[in-house]
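Asker: Model the placement of chains A and C on the given structure of chain H, informed by the hints.
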Amino acid sequence: MNLSRAETWLPPVGVLVLVLLWETLARVGGISPFVLPAPSSVAHSFWVGLRNGVYLQHAMWTAIESLSGFVLAMVAGITLGALVAEVRFLERALYPFLVALQAMPKVALAPLVIIWLGYGIGSKILLAALLGFFPVLINTIAGLKSCDSGKVDVMRALAASRWQVFRMVKLPNAMPFVFAGANVAASFVVLGAVTGEFLGAKQGLGTLILLANNELDTAQIFAILIMLGLLGFVLFASVRFAQRRLLSWAPLEASPQP
Amino acid sequence: MMATLELELPRTSEPRRPSVWMARLGDVAYPAAALVLMLAAWEWGVALLGIGAYLLPPPSLVVRAIADMASDGSLWANTQVTLIETLGGFAIALVAGIVVGALIAQSRLLERTVYGYIVAIQTLPKIALAPLFVAWFGFGLTSKVGVAALIAFFPILVNVIIGLKSCDVGKIDLMRTLSASGWQIFRWVRLPSALPYIMAGVDVAIVFALTGAIVGEFVGATAGLGYQMVLSNSQMEVPKVYGVLMVLGLLGVLLHGAVELVRRRLLSWVPTDHHASPSSSH
Amino acid sequence: MTSPAPIISVDRLTKTYQSVAAERVTALADISLSIATGEFVTVVGPSGCGKTTLLRILAGLVGQYQGRAAIRGTPLKGPSRSVGVAFQDANLLPWRSIIDNVLLPAQVLHLDIKASTRRAHELLELVGLKGFERKLPHELSGGMRQRVSIARALLHDPEILLMDEPFGALDAITRDNMNFELRRIWMQSGKTIFLITHSIPEAVFLSSRVFVMSSRPGRIVRELAVDLPEERPLTIMGSARFGEYVVELRQALDHSDAVTPAMPLLKAA
Chain H
1 MNLSRAETWL PPVGVLVLVL LWETLARVGG ISPFVLPAPS SVAHSFWVGL
51 RNGVYLQHAM WTAIESLSGF VLAMVAGITL GALVAEVRFL ERALYPFLVA
101 LQAMPKVALA PLVIIWLGYG IGSKILLAAL LGFFPVLINT IAGLKSCDSG
151 KVDVMRALAA SRWQVFRMVK LPNAMPFVFA GANVAASFVV LGAVTGEFLG
201 AKQGLGTLIL LANNELDTAQ IFAILIMLGL LGFVLFASVR FAQRRLLSWA
251 PLEASPQP
Chain A
259 MMATLELELP RTSEPRRPSV WMARLGDVAY PAAALVLMLA AWEWGVALLG
309 IGAYLLPPPS LVVRAIADMA SDGSLWANTQ VTLIETLGGF AIALVAGIVV
359 GALIAQSRLL ERTVYGYIVA IQTLPKIALA PLFVAWFGFG LTSKVGVAAL
409 IAFFPILVNV IIGLKSCDVG KIDLMRTLSA SGWQIFRWVR LPSALPYIMA
459 GVDVAIVFAL TGAIVGEFVG ATAGLGYQMV LSNSQMEVPK VYGVLMVLGL
509 LGVLLHGAVE LVRRRLLSWV PTDHHASPSS SH
Chain C
541 MTSPAPIISV DRLTKTYQSV AAERVTALAD ISLSIATGEF VTVVGPSGCG
591 KTTLLRILAG LVGQYQGRAA IRGTPLKGPS RSVGVAFQDA NLLPWRSIID
641 NVLLPAQVLH LDIKASTRRA HELLELVGLK GFERKLPHEL SGGMRQRVSI
691 ARALLHDPEI LLMDEPFGAL DAITRDNMNF ELRRIWMQSG KTIFLITHSI
741 PEAVFLSSRV FVMSSRPGRI VRELAVDLPE ERPLTIMGSA RFGEYVVELR
791 QALDHSDAVT PAMPLLKAA
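One line per chain: the protein sequences are H, A and C, in this order. Here the first sequence is numbered in the numbering used here, starting from 1 and rising by one per residue. Here the second sequence is numbered in the numbering used here, starting from 259 and rising by one per residue. Here the third sequence is numbered in the numbering used here, starting from 541 and rising by one per residue.
Chain H on its own, in the form it takes in the complex (with noise of 0.2 angstroms):
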């Protein structure tokens, strides 16, 4: 069938079809370059931004407000979430407001925590940090309660201490969800901290957004985009790496379920 290998050509091809369309509009098309900037322009941006290190000194910033929230986000996640899964009354008595919670947009916490932290880099990571903070509770409280009753009916005919079947069963299961949570709280993290960044900083990717809007310097921003997205996906692509390594038992990809 010359479909599937229409297929693997195809995709790289038509988005070399899709580019030059693209240049050929924005440099024929009398789109100014503020609203449609050209392909060339947003690489010759790029390219200038990497060469004389701005891009990466504030990247650098970025990167380390993300990670830090990361991991503050896994642990207090994960802990928590234990707990919550774990003692029976205090599930009761916050669920309604983990569900509430859900439904809450996070980023609404970016002016508070500005005035707990001010406008140094610690707010920063504190609303990365919230903002990764949720998915991995809620998929470590679900990972948790997933258990089925089997493998703990094992441990409990051993008559298995709480904490054995929590270490040796309980958790362990958990951790394709918790990793779910991780590739979720990855994304979310640098969300946080660009609008961290948006609400007030010196340094960071979020802050040369501001400064290229300034000069309306459109190809700038999507330059600057482009850069967030590799952060991103480092950082993404890092906890999938580390999902493979520990979780070979497991199928990488859960069949999505609705």
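None of these hints come from the bench; they were simulated from the model. This structure is a prediction, so every number in the text was calculated from the model and none was measured. It is possible that some hints are incorrect.
Claimed, not checked - Calculated cross-link-like contacts (lysine to any residue; reagent style SDA-like; alpha-carbon spacing at most 25 angstroms):
#, chain 1, residue 1, chain 2, residue 2
1, C, Lys-617, C, Gln-604
2, A, Lys-384, H, Val-234
3, A, Lys-384, H, Val-15
4, C, Lys-675, H, Phe-241
5, H, Lys-202, A, Phe-397
6, H, Lys-202, H, Trp-116
7, A, Lys-384, A, Gly-396
8, A, Lys-384, H, Gly-200
9, A, Lys-423, H, Pro-12
10, C, Lys-654, H, Trp-163
11, A, Lys-384, H, Leu-18
12, A, Lys-384, A, Ala-354
13, H, Lys-202, A, Met-494
14, A, Lys-423, A, Phe-444
15, A, Lys-384, H, Pro-12
16, C, Lys-670, C, Pro-698
17, C, Lys-617, H, Ser-161
18, A, Lys-384, A, Val-353
19, A, Lys-384, H, Leu-21
20, A, Lys-429, A, Ser-365
21, C, Lys-617, H, Ala-159
22, A, Lys-423, A, Val-517
23, C, Lys-675, C, Leu-651
24, C, Lys-670, C, Phe-720
25, C, Lys-617, C, Gln-628
26, C, Lys-617, H, Phe-166
27, H, Lys-202, A, Gln-493
28, A, Lys-384, H, Phe-34
29, A, Lys-384, H, Tyr-119
30, C, Lys-654, C, Gly-730
31, H, Lys-202, A, Lys-384
32, C, Lys-654, H, Ala-159
33, C, Lys-654, H, Val-165
34, H, Lys-202, A, Tyr-312
Answerer: Same frame as chain H, now just chains A and C:
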């Protein structure tokens, strides 16, 4: 990348309840008690630990701030603005997501070509484009609608595609033996079986739309709840910041609850699954 | 002729619980039986008759009940170390290798790891899985996983093995082979086995005594002594004698809902 699906907070069901109504009572009593405890701790803890009202005002001050904003009309006005931005962006994302998703799902070629790039775009934090939208469309509502639509679009798109493709071949074969047309198959088999996935995407999208609207207001606006937060912040009216946050939280819960209601109606035929599989909310 | 004290004794055991709809359900009514050391005993009954509840009580997983259930004369209050359990689902931990799965009881009970590892290897050989130690559960078939489950149940050297429809999820051919293997394991290890099934031929093939339970509330309505040779090839399932036992049990099951009080227990003739 995993399909965009919301993970539902699982409900424990334990056997051996003393009786059903007592259990239901517990479901209300425990959280209520927790709420009272938290509010009390907040109110007195702040006074006890001497935390300044500029950092963490006690609930009493926050409630008063909300009342103030309600009485001078600013609360309702701002809520309206944010609501319009959210719903407008959501509506655009919904229509666009379904149309584009249906188109992509129809053509295998198109899907193979485009899907990888959709996944790539999803790794870009689109919220970073908020300043650009403000620059393009100004400080008015339009820019926020745009940001909201942009962010809410992708979860819907991905889920529509996956949902439409998830239809099991058996049902389609059945339709084909009846010589059903493509449109008939789509309407009576593909679309309904895609509905659970689509609704899951919609669930996520509504909160994303609200998020987009708020960040848009953070970056540049003249009205709206997010704008109010930043304004109150700069004017050192800290209780108002907390107050607006509460209102925003409530708004999110209401919007999400509305979607849940619709979802339950549309999907009343789906058996409730008690098992959760690892899925992501993106 | 005096017989040795039974290893498992159940006397007028009754179990009721409240269902989700807040109804009182009687799972077991007035169950009495006793099992001697080294016996292979099966319980047959329709689905939902309470046989799993009975097994779970003996496994120590159910705390509250009326009547008496004792192992070696000691009333059951919780899981006993003299008991090993193999459930309907193998319940292997997918993140552990086969040998580590078998070693699970050693970790939980804080047994000597060296001795346990040696024993685990022996048990895997006993169940016919030598060479599979390092594999992961998903690489094994259903029948093989059940065998691992049996090996695991035997690791801490319990005198009693409780088995809850262990071969229910297997296809018929594998099931017959597993039955043969299980009898071989029983003869080699000398354990007391209490097995639940809803397959009548399986019950007759495996055991020396079969108890028939009625549907809920579960009562013992019949006890059958199976007088077949110790060494039983699978072909014995085609013998006339075997067929007679099956017919008898089937009749007992069909009439099990008739109002007959539990028959007094008979010792094997």
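Asker: If a hint holds in the structure, say so; if it does not, say that too.
Answerer: Results for each hint:
1. Lys-617(C) with Gln-604(C): It holds: about 9 angstroms lies between the C-alpha atoms, which stays within 25 angstroms.
2. Lys-384(A) with Val-234(H): holds, 17 angstroms
3. Lys-384(A) with Val-15(H): holds, 20 angstroms
4. Lys-675(C) with Phe-241(H): holds, 23 angstroms
5. Lys-202(H) with Phe-397(A): holds, 23 angstroms
6. Lys-202(H) with Trp-116(H): Status holds; Cα separation ~18 angstroms.
7. Lys-384(A) with Gly-396(A): Within the cut-off at roughly 18 angstroms; holds.
8. Lys-384(A) with Gly-200(H): holds, 19 angstroms
9. Lys-423(A) with Pro-12(H): holds, 23 angstroms
10. Lys-654(C) with Trp-163(H): holds, 24 angstroms
11. Lys-384(A) with Leu-18(H): Roughly 20 angstroms separates the two Cα atoms, so the pair holds.
12. Lys-384(A) with Ala-354(A): It holds: about 17 angstroms lies between the C-alpha atoms, which stays within 25 angstroms.
13. Lys-202(H) with Met-494(A): Holds, because 21 angstroms separates the two Cα atoms, which is no more than 25 angstroms.
14. Lys-423(A) with Phe-444(A): holds, 11 angstroms
15. Lys-384(A) with Pro-12(H): holds, 23 angstroms
16. Lys-670(C) with Pro-698(C): holds, 22 angstroms
17. Lys-617(C) with Ser-161(H): Holds, at roughly 16 angstroms.
18. Lys-384(A) with Val-353(A): holds, 19 angstroms
19. Lys-384(A) with Leu-21(H): Given pair Lys-384(A), Leu-21(H) holds - Cα atoms ~23 angstroms apart, limit 25 angstroms.
20. Lys-429(A) with Ser-365(A): Given pair Lys-429(A), Ser-365(A) holds - Cα atoms ~19 angstroms apart, limit 25 angstroms.
21. Lys-617(C) with Ala-159(H): holds, 11 angstroms
22. Lys-423(A) with Val-517(A): Since the Cα atoms of Lys-423(A) and Val-517(A) sit roughly 23 angstroms apart, the hinted pair holds (cutoff 25 angstroms).
23. Lys-675(C) with Leu-651(C): Within the cut-off at roughly 23 angstroms; holds.
24. Lys-670(C) with Phe-720(C): holds, 18 angstroms
25. Lys-617(C) with Gln-628(C): holds, 23 angstroms
26. Lys-617(C) with Phe-166(H): Since the Cα atoms of Lys-617(C) and Phe-166(H) sit roughly 23 angstroms apart, the hinted pair holds (cutoff 25 angstroms).
27. Lys-202(H) with Gln-493(A): holds, 21 angstroms
28. Lys-384(A) with Phe-34(H): The given pair, whose Cα atoms are some 18 angstroms apart, holds under the 25 angstroms limit.
29. Lys-384(A) with Tyr-119(H): holds, 23 angstroms
30. Lys-654(C) with Gly-730(C): holds, 24 angstroms
31. Lys-202(H) with Lys-384(A): Holds, because 21 angstroms separates the two Cα atoms, which is no more than 25 angstroms.
32. Lys-654(C) with Ala-159(H): holds, 22 angstroms
33. Lys-654(C) with Val-165(H): Between Lys-654(C) and Val-165(H) the Cα gap is close to 23 angstroms, so the pair holds against 25 angstroms.
34. Lys-202(H) with Tyr-312(A): holds, 24 angstroms
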